[in-house]
Amino acid sequence: MNTSFDFEKPIADLQQQIEKVKQVAEKTKVDMSSTLAELEANLEATKQRIYTNLNGWQNVQISRHPDRPYTLQYIEMICDDFIELHGDRTVKDDKAIVGGFATIDGQTVMIIGHQKGTNTKLRQFRNFGMANPEGYRKALRLMRLAEKFNKPVITFIDTPGAYPGLEAEERGQGEAIARNLLEMSVLKVPVLCFVVGEGASGGALGIGIGDKVYMLEHTWYSVISPESCSSILWRSWDFKEKAAEVLKLTAEDMHANGLVDGIIPEPLGGAHHDPQKMAETIKSKILEDLTTLKGKDIDQVISERIEKFCAMGVVLE
Amino acid sequence: MAWFKREKKGIITSTQEKKEAPDGIWNKCPECKKPLHYAEQVENKYVCHYCNYHLRIGSKEYFSVLFDNNEFTELFPALRSGDPLNFNDNKKYTDRLEESNKKTGLIDAIRSGHGKIDGQDLVIACMDFNFIGGSMGSVVGEKIARSIDYCIQHRIPFLMISKSGGARMMEAAFSLMQMAKTSAKLALLSKARIPYISLLTDPTTGGVTASYAMLGDVNIAEPGALIGFAGPRVIKETIKKDLPKGFQTSEFVLEHGFLDFIVDRRQMKEKLATFLKMMNN
Ligand SMILES: [Zn+2]
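Protein chains in written order, with the working numbering: chain F, 1 to 317; chain B, 1001 to 1281.
It should be emphasised that the hints constitute simulated quantities derived from the structure, not laboratory data. Source: prediction; values computed, not measured. A few of these clues could be false.
[Said to hold, decoys possible] Listed below are the simulated DSS-like cross-link pairs for lysine-lysine, each with C-alpha atoms no more than 30 Å apart in a straight line:
{"no.": "1", "chain 1": "B", "residue 1": "1236", "chain 2": "F", "residue 2": "121"}
{"no.": "2", "chain 1": "B", "residue 1": "1191", "chain 2": "F", "residue 2": "294"}
{"no.": "3", "chain 1": "B", "residue 1": "1271", "chain 2": "B", "residue 2": "1245"}
{"no.": "4", "chain 1": "B", "residue 1": "1240", "chain 2": "F", "residue 2": "121"}
{"no.": "5", "chain 1": "B", "residue 1": "1191", "chain 2": "F", "residue 2": "151"}
{"no.": "6", "chain 1": "B", "residue 1": "1091", "chain 2": "F", "residue 2": "240"}
{"no.": "7", "chain 1": "B", "residue 1": "1092", "chain 2": "F", "residue 2": "240"}
{"no.": "8", "chain 1": "B", "residue 1": "1045", "chain 2": "B", "residue 2": "1103"}
{"no.": "9", "chain 1": "F", "residue 1": "242", "chain 2": "B", "residue 2": "1277"}
{"no.": "10", "chain 1": "B", "residue 1": "1103", "chain 2": "F", "residue 2": "242"}
{"no.": "11", "chain 1": "B", "residue 1": "1191", "chain 2": "F", "residue 2": "148"}
{"no.": "12", "chain 1": "B", "residue 1": "1236", "chain 2": "F", "residue 2": "92"}
{"no.": "13", "chain 1": "F", "residue 1": "242", "chain 2": "B", "residue 2": "1191"}
{"no.": "14", "chain 1": "B", "residue 1": "1060", "chain 2": "B", "residue 2": "1116"}
{"no.": "15", "chain 1": "B", "residue 1": "1277", "chain 2": "B", "residue 2": "1045"}
{"no.": "16", "chain 1": "B", "residue 1": "1045", "chain 2": "B", "residue 2": "1060"}
{"no.": "17", "chain 1": "F", "residue 1": "92", "chain 2": "B", "residue 2": "1241"}
{"no.": "18", "chain 1": "F", "residue 1": "242", "chain 2": "B", "residue 2": "1102"}
{"no.": "19", "chain 1": "B", "residue 1": "1191", "chain 2": "F", "residue 2": "188"}
{"no.": "20", "chain 1": "F", "residue 1": "188", "chain 2": "F", "residue 2": "95"}
{"no.": "21", "chain 1": "F", "residue 1": "294", "chain 2": "F", "residue 2": "148"}
{"no.": "22", "chain 1": "F", "residue 1": "240", "chain 2": "B", "residue 2": "1240"}
Using the sequences provided together with the hints, build the complete structure.
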């Protein structure tokens, strides 16, 4: 079991206790099943209590857990077939965004998502999920391909932000993201978006304009990371917990504010506790929505997509 | 049509505006430090006549530089910010808004007006950097969205003047979604084949660059403006190297293919009028 955060300590302690009791029972051949049952019940109750009462910062930590599934793993678990496609046809192939045609229960779709690495070397290879302009342009190229062949688009969002580098600026990071926002809002196929980890600002939104935008239960989505928010507002990185609270970046807050369409429940403790189950939940949501959206007139779908985003914001007059 | 009445009241003239302006020395040129006289500045479109530095000006000045006789109908002037997140970072957002309003006389970081340039109709939405760093919150997004609707309805070209540090943190994800909103509206403007000119001025960064500022049929900029997605400080910290000279200036962005041209503020009206004529005939 993965118990790596401070707030998970009571769970780890109980798990340790259970192990000990088991060992003692084994050695002494004394029946300790009632003690064990009591501890197991306590463990379940503790897990429930902790995992259903996470604050903003605790959710941010879970969203970054290194054992969480990333796009390619989800594709493997959800899809029957997948052909990865590469390159923006202009500069290069960005490794922080992956994509390609896939089939889900026999239906062809285009899946595009941020990709983080699973070990130190791969994390660098994937640039920690921070895309350059060519990543956003690859995503757009694949979306247009999907549109051409009338295949729905599904995106997986998980990024600490668009990469703030020298070459990124030279090659128009701002323009690349902006172009995607405009093109996605009028893309002539259904678009589903899932925030599966971190949803940091324009780097997330750049593949995030969908008919349905969902957040997994323990993910976050906002205009800035809690760390950067803390450093700007309080001139120090020490207020990230407070920043996570004031930004209202959890799935629950984002849904309550009408900024995402729904919350996808995660296995108790987070997606990494049961990736297969997480994938199945996402898959059934995809199938459900595709059935609904494919039955609708696409012009209607597009105007509802535009109206949804245009209704966001609070102004007084 | 309720807004139509409000609009009429928004008409202001240059004489009314000029009354408040002090005579004599207004400020020093931030670039060459030479003293600039107010009358000279107005005459020279707020460009330093010693070194050609383009002073940071707001919607009031841009409207006076661009609209014929400084006549225009202000659009949606009553829109003001709510506080959807009850945001408080040692200072309440509502207090910050009030202070900014007192300091600048503005209601938010953007104003929009319908007037004429050399006799041709144009809607200009212009950001005000003095209001919380020209940050983009719900009011900025909504006013741009409604201005675009107005342009589509009346078939009038749209000029967006950006001057902003990016999204407004105090509205968090609501600010983020203004990028989506404005870009979606621009898609509709584009479909209607109505010209959209994006003018980027000093500075234009963050979520503004990553949405409407970069989406013009033509993107233009004033000379020497800071234009980028990530701020220079963040990039420097990321790459752990000094940034090359001239990085993220208008000239740099033009060279890399993201601007159509750079225009001196003193020639801006003429150039815009010529472009509109080309589109209109
Ligand atoms: Zn000067």
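Violations among the numbered hints:
9, 13
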